[in-house]
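Work out the full structure: start from the sequences and follow the hints.
So you can see what is in the structure, the chains are spelled out below.
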Amino acid sequence: MKHRFVADTSNAARFLAGVQTLLERGAAEACLMVVDGVPGLGKSETVEWWTVQNGGALIRAKAEWRPTWLMRELIQALDPNLVPPHSFEKMYRLALGLLGRRADAARLEGRTFAVVVDEVDHICRDRRCLETLRDLSDMLEIPFVLVGMGYVRDALTKYPQIASRVAVYVEFRAASREDTAALLKGLCDCEVAEDLTTYLHQVARGRVREIKEAIRHIERQGLRNKGKPVGIAEMRGHVLLNDRETGRPIEVRE
Amino acid sequence: MTAPATSHSRLVLERLINGECWDLDELTAHSGLTRRQVVDAAGRLIRDDLAERVERGCYQATDAGVLAWQRGDRLTSGPRESREVRRTRREALNTRLWAALRLERKSCIPDLLVKAVRGGERDAAHNAARYLRALRRAGYVRELPGRAPGSAPTSNGHKRYALLVDSGPLAPVARRDGLYDPNRKELIPWPTG
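Read top to bottom, the protein sequences are chains A and B. Its first residue numbered 319, the first sequence is counted upward by one per residue in the working numbering. Its first residue numbered 1225, the second sequence is counted upward by one per residue in the working numbering.
Please keep in mind that the hints were generated in silico from the structure rather than gathered at the bench. It is possible that part of the hints are untrue.
Pairs of lysine to any residue residues, derived as SDA-like cross-links and limited to a Cα-Cα distance of at most 25 Å, are as follows [said to hold, decoys possible]:
(1) A:K530 to B:N1380
(2) A:K503 to B:D1347
(3) B:K1330 to B:T1286
(4) A:K503 to B:S1379
Dropping the structure here:
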C-alpha cells in the first residue's frame, strides 16, 4: 500500500473547504468548526494529517475530562517542558500565553495556527469543558476544530452561546463510488478494475477502514496477476474484507 | 588596535578577481583557509552573485564580484536584506515527521509518512529512517519489540518506534556532534561506543 494521504475524496475536500470558510469567517469571534460523522469514515486520519501539515496542536478528549485536566493536556501539547500550575486560573493564563505565541509564530510564517480537539463527544455534555474551549478560542480568535461522532452537534443546541461561535459544520459521509476509486488509485499498489471497484464500494458501504483492509487483500492478488488489473474474476473466492458487525470474512462472489 | 579580520569570502574573492579559473584545491592552497571554509565561502559568493562556477573546476568572480572587491564592500555571511517573514522549516520533512510522531506517540515509518509527506519529496522513506535512527541514537525514541505488518507478502514488517522524549513542537535537528533540540536549546551529544 502506498503511504500517503488521499486528499481527493469528497470528505477531505469538504473538510478543507470548511477550514477555508473558518479562516475567512465574517465574524471574528466565530472560531469554532465542528467535524462529525459515524466511526470509520476517516475523520481522525484527516484531522491528524491536516494538523501535521499545518503545524497545529491536537488533543484528544477523555471520558473523565474536567476543565483542569483539559487545560493540563492542552498545556502539555503546546509545551511539554512546562509543569502546569495547580490553579485553574494560572493554567488558563499560561495556556493563553502559549496559544498566543504559537499563533504569532504561525502568522509570521504566513499560516494560521489552530487547535484540534478529537473525540469531543466525551465532553459534549460537559458545559464547563465546552465553555473553556470557547473562552480560549474567543480570547485570541484562534480556530478550534471539534471532531466527534455527531453527539456534539446535538449537544450544542443546548448551549446557544457556544453554538453561535461555530462558523462551519462539516459532516463526514460514507465514501461514494468515486471516493472508493480515488482511494484505490491513491493507495493500492496495483490497478483495480471497474467491476471490483463497484463491488468493493457496495460491500464496504463507504467505510474507509474497510476499503483499506480490502486494498491489502487486493494487492496480494495483484502480485499474482503480474501487473494486470485485478477485477472480480481474479478475486473470486478470495477474502476481500471482514464484516465489521459480524467479524466474518466477505469473499468475492459473482 | 588590531586590524579587522578579513572574511573568508573576501579571501576567496581576492583570488577569483584576476579572471583566471580556480578550482577548489587551488583556492584552498592559496587562500590559507581549510577546504571546508573555501567551499562555504564560495557558496556564499555564488549565492550573492559575486562569483560563478563557469564549469567543473572553474570558479571566477562575476562583474559584480569584481566591483564589490574594487569598492572594498564588506562581505559577511549575514542576511543580504531584511527578512520580513521568519524563515520556517515547515517545509522540511523532518519537521512534519516530528509533528506526526508527537501525535501518534507510537508508530512505524509508513504510518508517519502518511501524515508527513506532501508529495515531491525525494526518497522520503530513506530520509525518515535516517531521522528516526538519529532520534533513537539520542534517546528520543525507542524501538519497540515486534513489527507492524507490511503489505508485501514477503515483507518482514516495519519497525515500530515509541516517543520517549517529547520536548516540544520544534523538531530536533541531527548534527555532526549530536542532536540539537531547539525546544530546550540544548545539544545532546551522540553516545560514544
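Going down the list of hints, with the structure as the test:
1. Distance hint between K530 of chain A and N1380 of chain B is fulfilled; the C-alpha atoms sit about 20 Å from each other, no more than 25 Å.
2. The suggested pairing of K503 of chain A with D1347 of chain B holds, with an alpha-carbon distance near 21 Å, which does not exceed 25 Å.
3. Only pairs whose Cα atoms come within 25 Å are accepted, and K1330 of chain B paired with T1286 of chain B is rejected, the gap being roughly 53 Å.
4. A hinted pair counts as satisfied when its Cα atoms are at most 25 Å apart, and K503 of chain A with S1379 of chain B qualifies at roughly 22 Å.
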